[in-house]
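Colleague: With chain A fixed as given, assemble chains B and C onto it according to the hints.
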Amino acid sequence: MKEVKCECGHVNPHGTVLCESCGLTLIEEKAQGKLHDMRYEGSARRSQTYNKTIVDKIWNFFSSVKVGVWLIVITLVASALGTIFPQEMYIPTIMTAAEYYEDQYGWLGKLYYDLGFHNLYSSWWYLVLIASIGVSLVICSIDRAIPLYRALNKQRVTRHESFLKRQRLFTTSASENIDASFEKAKENLAMKRYKIREEDGNILAEKGRFSRWGPYVNHCGLIIFLLGGILRFVPGMYIDDMLWIREGETKVIPETNGEYYLENKEFTLEVYDKDKDNEAFSEAIENAGMVPKNFQSDVILYKKADDSLPGEEAKLEQIKEFNIRVNEPLKFDGYALYQTEYRLGELSTMSFTMMNKKSKEEFGELTIELNDPQTKYDLGDGYSVEVMSYFPDFEFNESGEPTTKSRIPNNPAFVFKMFSPEKPEGEISFVAIQQNLEPFGDNEYQLRFSGIETNDVTGLTVRKDLTLWLFALGGFIFMIGVAQGSYWNHRRIWLRRKDDEIWVAAHTNKNWHGLKREISTILEGTGIEEPLDQLQENENQDSEKKNSNHE
Amino acid sequence: MKKQRLLIRTVILLVLGAAVVYTLYANFTKDDIQKVAVGKKAPDFVLTDMNGEQHRLSDYEGKGVLLNFWATWCKPCEREMPYMDKQYQENQEEDVQILAVNIGESNVVVNEFIKKHDLTFPILNDKKQEVQTVYGIGNLPITFLIGPDGNVVNVHEGEIINEQVVIDMIKEIKP
Amino acid sequence: MASLSSNLLLIAFILYLVAIPFFGGAIRQKKGLDEEKKSFDKWAKIGIVITIIGFIAQLGFFITRWIVAGHAPLSNLFEYTTFFGMCLVASFILIYFIYKTSILGMFVLPIALLIIAYASMFPREISPLIPALQSHWLQIHVSTVALGEAILAVSFGAALIYLVKAIDHTKRSKSTFWLEVIMYSIVSVVAFIAVTSTFAITDYKASYSYIDKNGYEAEMDYTIPAVIGPNEWKVIEDGTFEPWVQVPGIINAKKLNTVVWSLVVGLGLYFLIRLILRKRIGAALQPLTKNIKLDLVDEISYRSVLIGFPVFTLGGLVFAMIWAQIAWTRFWGWDPKEVWALITWLFYAAFLHLRLAKGWHGEKSAWLAVIGFAIIMFNLIAVNLVIAGLHSYAG
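Read top to bottom, the protein sequences are chains A, B and C.
So the first sequence is numbered by this note's numbering: it starts at 311 and just counts up by one.
So the second sequence is numbered by this note's numbering: it starts at 3 and just counts up by one.
So the third sequence is numbered by this note's numbering: it starts at 26 and just counts up by one.
Here chain A stands alone, though its shape is the one from the complex:
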């Protein structure tokens, strides 16, 4: 490894293009052209100078901005692919994913599913892409920030003439009284809040250097953000569960180790009313039909106050009452409960009257709790009803027997045995919604349906996310970095004495227009000429050439 000693005596790392101290060109072939490429101050990017072992090769691969940009572009295209059809998590669960995609989108849907695009964002290759961007962020930043820091820290005030000449803004002007000009310029520079350094009577004025660190700060933020993504995979850091509670029910909240219970007092769904709500909405409400206004669960949060086991009756201590609404989750102890789903009008009770079919005489009423029916209902005077079978979610199976699809009373059906003084051995009747079968011949009595009660069920998402702070921190640092790099500029102005002349050169990392305007106020009254924009000179010459060619 050869270090390069410049004329000025400064020792530069191998591969440096422009001397860190005085700016003299060290590698002529890399600094061709009329103007210097100032992107990394002409410093040595280490990755480009060592390429021997496999470690170096991997390192250099990820250190390339070209590779980084390609990774971004590939990720961008892949992300777009995932939006062609909905992802699996957004499709209805009426059939399997494989069937759904083919059914809805034909052979394209099938292809989409076969390629695994229905779960694109959690596919291994998408994760590898994101991870590669992360690796690229780390290595690119290390490889550029360190040399840049060296170059900016080691820079001398007196820069080599060749360096000044090859700046985009540069000019020379003759001056009678250089000292006076310099004094005036210094005064103006200080007014514009430049940091001024002097050496051998030459000036380097600089401001906004910290904006150069913006990109590295925002990359740090992104890396922290990605770390949050990794942390989420650690068991216990992220919880996503669902809690369904009927009105009036108290249930243990999942994932809280049986610590917390929730009671659902009431669920409310409100819709906008054309007549009662803001008049301005009436047209929209009419067009849309029904617009929901509020989904709300009035709940009470309890904490277990004894060490009872699951299944045992627990002693509960009320923590707080709360109305959970969309956008207003209930938060406690790192958990949050969100209003996300609901089922309206789930059947809760069904009532029947026992009646003599001929005389229409009634012999009492029974009300059945559909979530926990009794086996026997005594109506007095020798009349009673026995529940022989109960099918909360009734259907006939393949062999024609009545069965239940679930435990939810969506379509309750019963086999009753009715006892009466006339029929002490009982009469059997099958009762479902709008059905009344008498499988063993004509009965004397019947159970006439006399009413239902319903109950709303609320669906709450149970969430705990111990990684949020990392994401927030990463996002915050990213925003600081990106603002730092975007809204501030790093400007430098060099004033150098050269015999009777004053040489002025200036550089900024962006916003040349602003720099030019600033220089013109700084040089006002100093007798120093404003530097010329050598890039625009080139452009003018080019376009003149172009025009003459056309003629």
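Keep in mind that the hints are not guaranteed to be accurate.
[Said to hold, decoys possible] Keeping only pairs whose Cα atoms sit at most 27 Å apart, straight-line, the calculated DSSO-like set for lysine-lysine is:
(1) A/Lys584 with A/Lys561
(2) B/Lys130 with A/Lys641
(3) C/Lys199 with A/Lys376
(4) A/Lys774 with B/Lys43
(5) A/Lys561 with B/Lys118
(6) A/Lys733 with A/Lys667
(7) C/Lys389 with A/Lys826
(8) B/Lys130 with A/Lys774
(9) C/Lys125 with A/Lys820
[Unchecked claim] Here are some chain A residues the structure puts well away from chain C; computed CB gaps all over 10 Å:
(10) His324
(11) Ile337
(12) Asp347
(13) Lys376
(14) Ala408
(15) Leu421
(16) Arg460
(17) Met547
(18) Leu553
(19) Tyr582
(20) Asp585
(21) Ala594
(22) Arg635
(23) Glu708
(24) Thr771
(25) Glu839
Derived by calculation from the structure, the hints in this document are not laboratory data.
For clarity, every value in this text was computed on a predicted model and none was experimentally measured.
Even for Gly, the Cβ is constructed at its ideal location relative to N, Cα and C.
Modeller: Chains B and C in isolation, oriented as in the chain A frame:
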């Protein structure tokens, strides 16, 4: 200096590589994670069976416990019940207990099911749905094999397809 | 109040329209003068004053509508898109005062006009907020996104100027072709607005029964003649225009029909313009750009991206994530709108890297700014209308 650089680069690449590998591994296995994992202590509970008798899981320490979760409307559960019942009867002298936890259906329904299949082993009812919450039950049926020390030895997801499976399970948890 | 509100929008629209020729006049006036040193030109001064009055009128529209509705008018596609247009005008005014380039008005104001006119093609009634939108984050998130995207759109305007000026129009090339594609897209938007308003004025309506994608019979109402009919369409009333083509059930025939109308009428309009101009639209616009320095428009384009990118990130990703965590339980859920915000962000990140590290200045950078704007427009239009997702209520 050059060696030092190589060392630093190697360390950084290894750290980054480890993070990537961990993420990929975690992503692949995230669906297999059982809440009550093999090797962990099976959460204790108290439930009443259909005969009114209380069962506390920790009371069975020293015995192997086959803990099954089921529902009447679940067809595979219905098919596997007789195998468990038969093995229950054959192993009554052994230090093994078979418990089947219904996920909280009404007594009418559960009793009718017991009658229909003529089941003799303890059927517990998780009325308040607390036990299934603690065990993180999703799809039914699921069977936890709990060793004499109270730790989960194995978890069988899905249907028990024949009696031999139950016999093998019992072998696994016998003290 | 509600009618005052819509009148204010109309006033703003007309004022923007009136301002454009003044900026055009300013360009001609500047001939032969030193642009950098020259203070405000008279024509440009009038133009910018009219623009600012227009902006104040539109601000009035926004505020009055807010008062009437009781919530910030940012909750549907009409409201969002007009706000986006307003932000674009605001960004233009800001950039104008930094760089004093009247030519930018000639390019950015027409884009803003088109955007506002386009917005007016959507249902304009004041709609109540569904529960998910009832949050202060509605204002914070949506307005920041619109502002960010508007500033990024200025970079598109500047890039367009760059391309019009820099491309050699004397011979056919890939560059001239793609520039004409941009011009044709703009003309198609004009066609969309023209077609939709024409049939709206004549109150055209036609209904067809059809079989939807789930095999059920349904009805579809067209407001422009149905060249593309739905799956197995049948006319409901005799004498209704009979579609020429029918599409399968999974494609929304009505929307496709509108797109086809816009593209075809746009094509006709485009060729008409070509016939009148007797040259490419790009070539015809080139004289307007005579007095502007390429390197200045390049810088305007780049700076707009630099100013807009952090604002977009803040609104489209950071605020979006905070609100999503509150309303939807998770800060990120791979909803199509979210994904397209990420794509926009990734694209501009790539843009900045290419520019900073790979030295993509000038024409390359200008093309990138054009693509970036195309992505923003895709997210605004196609993702809302075509790809269903959690944000689809915004349509």
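Colleague: Does the structure keep B/Lys130 and A/Lys774 at a Cα separation of 27 Å or less?
Modeller: 23 Å, holds
Colleague: Given the proposed pairing of C/Lys389 with A/Lys826, does the C-alpha separation stay at or below 27 Å?
Modeller: 25 Å, holds
Colleague: Straight-line Cα separation of A/Lys774 and B/Lys43 no greater than 27 Å?
Modeller: Measuring from Cα to Cα gives roughly 23 Å; hence the hint holds.
Colleague: Taking the minimum C-beta separation from A/Met547 to chain C, is that value above 10 Å?
Modeller: 14 Å, holds
Colleague: Beyond 10 Å from every chain C Cβ: check whether that's true for A/Lys376.
Modeller: 7 Å, violated
Colleague: Are all C-beta atoms of chain C more than 10 Å from that of A/Ala594?
Modeller: 4 Å, violated
Colleague: Run the C-beta distances from A/His324 to all of chain C and say if the shortest one exceeds 10 Å.
Modeller: Nearest chain C Cβ is 21 Å from A/His324, so the label holds.
Colleague: What's the verdict on C/Lys125 and A/Lys820, does the C-alpha distance respect the 27 Å limit or exceed it?
Modeller: 18 Å, holds
Colleague: Taking the shortest Cβ-to-Cβ distance between A/Arg635 and chain C, state whether it exceeds 10 Å.
Modeller: About 7 Å separates A/Arg635 from the closest Cβ of chain C, which leaves it inside 10 Å; violated.
Colleague: Evaluate the condition: distance from the CB of A/Leu421 to the nearest CB of chain C exceeds 10 Å.
Modeller: 15 Å, holds
Colleague: Hey, does A/Asp585 actually stay past 10 Å from chain C on C-beta?
Modeller: The claim stands: A/Asp585 keeps its Cβ more than 10 Å from every Cβ of chain C (closest is about 13 Å).
Colleague: Measuring Cβ to Cβ, find out whether A/Glu708 lies farther than 10 Å from everything in chain C.
Modeller: Non-interface label on A/Glu708 holds, nearest chain C Cβ at 25 Å vs cutoff 10 Å.
When each numbered hint is compared with the structure, violations occur for hints 1, 5, 12, 13, 19, 21, 22, 24.
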